Amino acid sequence: MDKPTVLLHLDTDPHPSVFDRVVAVDSGVQHLFSYGGVKPDAVMPLVHGCIFTRGKKDLMRTAVFVGGSDVAAGETVLAEVRKHLMPMFGLSVSVMLDSNGANTTAAAAVVAAGRHIDLSSANSLVLGATGPVGQRAARLLAAAGGHVRIASRQKERAEAVAAGIRKQVPKANVEAVAAGGGDAEDALDERNIVIAAGAPGVMMLPAKHRIACDTLRVAIDLNGVPPAGIEGVELNDQATNRDDCWCYGALGVGGTKMKIHKAAVKALFTRSDAVFDIEQIYDLAKEIG
Amino acid sequence: MDKPTVLLHLDTDPHPSVFDRVVAVDSGVQHLFSYGGVKPDAVMPLVHGCIFTRGKKDLMRTAVFVGGSDVAAGETVLAEVRKHLMPMFGLSVSVMLDSNGANTTAAAAVVAAGRHIDLSSANSLVLGATGPVGQRAARLLAAAGGHVRIASRQKERAEAVAAGIRKQVPKANVEAVAAGGGDAEDALDERNIVIAAGAPGVMMLPAKHRIACDTLRVAIDLNGVPPAGIEGVELNDQATNRDDCWCYGALGVGGTKMKIHKAAVKALFTRSDAVFDIEQIYDLAKEIG
Amino acid sequence: MDKPTVLLHLDTDPHPSVFDRVVAVDSGVQHLFSYGGVKPDAVMPLVHGCIFTRGKKDLMRTAVFVGGSDVAAGETVLAEVRKHLMPMFGLSVSVMLDSNGANTTAAAAVVAAGRHIDLSSANSLVLGATGPVGQRAARLLAAAGGHVRIASRQKERAEAVAAGIRKQVPKANVEAVAAGGGDAEDALDERNIVIAAGAPGVMMLPAKHRIACDTLRVAIDLNGVPPAGIEGVELNDQATNRDDCWCYGALGVGGTKMKIHKAAVKALFTRSDAVFDIEQIYDLAKEIG
Chain B
916 MDKPTVLLHL DTDPHPSVFD RVVAVDSGVQ HLFSYGGVKP DAVMPLVHGC IFTRGKKDLM
976 RTAVFVGGSD VAAGETVLAE VRKHLMPMFG LSVSVMLDSN GANTTAAAAV VAAGRHIDLS
1036 SANSLVLGAT GPVGQRAARL LAAAGGHVRI ASRQKERAEA VAAGIRKQVP KANVEAVAAG
1096 GGDAEDALDE RNIVIAAGAP GVMMLPAKHR IACDTLRVAI DLNGVPPAGI EGVELNDQAT
1156 NRDDCWCYGA LGVGGTKMKI HKAAVKALFT RSDAVFDIEQ IYDLAKEIG
Chain U
916 MDKPTVLLHL DTDPHPSVFD RVVAVDSGVQ HLFSYGGVKP DAVMPLVHGC IFTRGKKDLM
976 RTAVFVGGSD VAAGETVLAE VRKHLMPMFG LSVSVMLDSN GANTTAAAAV VAAGRHIDLS
1036 SANSLVLGAT GPVGQRAARL LAAAGGHVRI ASRQKERAEA VAAGIRKQVP KANVEAVAAG
1096 GGDAEDALDE RNIVIAAGAP GVMMLPAKHR IACDTLRVAI DLNGVPPAGI EGVELNDQAT
1156 NRDDCWCYGA LGVGGTKMKI HKAAVKALFT RSDAVFDIEQ IYDLAKEIG
Chain A
916 MDKPTVLLHL DTDPHPSVFD RVVAVDSGVQ HLFSYGGVKP DAVMPLVHGC IFTRGKKDLM
976 RTAVFVGGSD VAAGETVLAE VRKHLMPMFG LSVSVMLDSN GANTTAAAAV VAAGRHIDLS
1036 SANSLVLGAT GPVGQRAARL LAAAGGHVRI ASRQKERAEA VAAGIRKQVP KANVEAVAAG
1096 GGDAEDALDE RNIVIAAGAP GVMMLPAKHR IACDTLRVAI DLNGVPPAGI EGVELNDQAT
1156 NRDDCWCYGA LGVGGTKMKI HKAAVKALFT RSDAVFDIEQ IYDLAKEIG
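Those protein sequences? They're chains B, U and A, same order as listed.
Yeah, the first sequence ends on 1204 if you go by the numbering used here, and it's all consecutive.
Yeah, the second sequence ends on 1204 if you go by the numbering used here, and it's all consecutive.
Yeah, the third sequence ends on 1204 if you go by the numbering used here, and it's all consecutive.
I should point out that these hints are in silico values taken from the structure, not numbers from a laboratory.
Bear in mind the structure is a predicted one, so any value in this text is a computation, not a measurement.
Mixed in with the good hints, there may be bad ones.
Which copy is meant is left open, so a pair is good if it fits within one copy or across any two.
As the list claims (entries may be wrong) - Below are the DSS-like pairs computed for lysine-lysine, each with C-alpha atoms no more than 25 angstroms apart in a straight line:
#1 K1181 <-> K971
#2 K1177 <-> K918
#3 K1201 <-> K1174
#4 K1174 <-> K972
#5 K1123 <-> K954
Could you build all of it, start to finish, from the sequences and the hints given here?
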């Protein structure tokens, strides 16, 4: 009989996320080992417990999920997990990062945009692009080939993000701009896509600017707490046409995000050497539409 | 296929109760997510993880159980859980409180008494009525319609409990008395039922007073640590007739308590909007006898 | 239907061991309740939650596993667990100690030695015999009837271990020696078996001494971190013949250790009153070979 599937769930918050746990069991995980308050120096024995307990052919039935509200902390834990895997000896398990849902949310937003316009030639604007979701969405849009404006209220912070993306995606065509404080008129110029990924409860783009922008085809607001980040877009909008623009709200993107999240957890158990970070999760997201 | 059942177990003690966990899995819970040291300010994301992960038709397969040795702390956590449910949007799960087993124990004791006498016309005495089990037993007896003496060694504490019950049960016919220190002769006058719910190891009612009380039909001692709270009643008494009175000890009530506990956990998964606190647990207890 | 199997996993480290958890579910455990940072004063309610929740005939479907990196702390927790079981009333569950894998590792090493030589008449040397694995291996070898040299770099520490074994195994034929610092020539004299159980990364026995010892038949190095504890023995050696001596490295013993570990966890659920400490685990190890 097959060994049961085990998901090692490493969460950087004191109480491991119930959200991620429910999604894990709904994805078919049989035994979920959740740890809260995980710091990098605690990771080694936890990972060794995964790779030294099952034979190589059964290692694909063990996997690691890194979560928690702090995306930077999650990235550090992911790096530490990878450090203690030994794929050169076949001693490895697949691992996924989705701290704060940042990877699945960014992937869902970009997949939604790609339903309405060819991303390889689209002009995009990402508002709140210095946060974890915004950075990831901008990186995916740039990798798809279009021109991407990276916006932050402080231009130097946007510049830093743009520089980072140029390193990760050499062909990236990105430009840093100062925007997101409620005036997005210039930043929207010739844009086909706008994604608002700012802090909850901040209105970043007034309706009049959105409506005045003739080229705009897709507006995605990832803010789940009123007021909307993009004025006039509603929480439940899901390809809702407003003023000749396809609009998505946080809950409208949420259904796709959930599908991606579950598909990624399931995919962890199909091999023992996968790392699901933003690119891999986006590739999967494109497959499932 | 049905989604697996998930019980979110929030315990106010550092280590979540093994007792409650075994009962949960013996009630058929498939995935038990137990959290220890839960404080009110940690509750919101835990509850959101329940209501935002499953579609409305599947929400009845997620539920919340609040436990721990501190009943007041559990009540605060229950209130916080309810604050973050959103039944108006159909985003709700059922929730049960049984900190320190207080609800299931009080319900079991009153159900046991009701097997031998009509509670709507019975005269009762609750010794140690200021503790969580005593308060709940007194409230159920008062709601059933009989006359209830609320006893504490300090009469003013008994008065406070009586006042609280009169608020919750407007028709309550309750009277505060000073008793429980080993002399219960006056308090027992014309009583048909006595329930001792005091601190472990304190003898509250001497055998001679119990035997001298001609009207007494039921004596229930919830104290599990010798000496007995009601002298002469044994731990394993379960409808044991002593001196023409039906006697129950802590273990004798325990079997009924366990049945009620399991039935309540199972009932959580039959709907998504139930709150199982003392009244609802007692209603269920009456159904299963 | 049978009640599900429940393993209460008490770990003295802050994060309960993933290794022990994977082995538990691979042994068929259905519900694994893992607790980290367990201190003796927290044990009573955890054990009571095991013995007061199921009827006597179902108690064999609940068991306790004590683990963690600190063997002495585990022994204290095991003693506390046993204190709160009530086998005289039939209120008991089986319990196993395997902190740091010490019991299963020592049993696996001695079983491996016994495949090649009659332990009742063998002369053994245990290097690093004051650590938890070394002490246990020495005790098992002494109980089997052979002559055992207990080695530590500090002879007085070896004497203390020898004295302890003489108390536990009255017929023990043991001798304390100073060895393990890299010169084992005298200590090896007339030995048939050597087991190195010292701290990781310390070379305790040079190859030239091992090769020069004509009587040596079995060399087992339990050190998993290079350099080898016994020079020339490799991590993966498993009955590998080197210089007319059967050699085992840490990974070579690991397969047997894992089989013993799983068999012991399964055996916990065949009765409700077993205590699996080193002797019982070794008895089981001999059965499964």
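Hint-by-hint comparison with the structure:
| no. | hint | result |
| --- | --- | --- |
| 1 | K1181 <-> K971 | both (19 angstroms within a copy, 23 angstroms between copies) |
| 2 | K1177 <-> K918 | both (21 angstroms within a copy, 13 angstroms between copies) |
| 3 | K1201 <-> K1174 | within (11 angstroms within a copy, 44 angstroms between copies) |
| 4 | K1174 <-> K972 | between (28 angstroms within a copy, 17 angstroms between copies) |
| 5 | K1123 <-> K954 | neither (46 angstroms within a copy, 45 angstroms between copies) |
Checked against the numbered hints above, the structure violates only hint 5.
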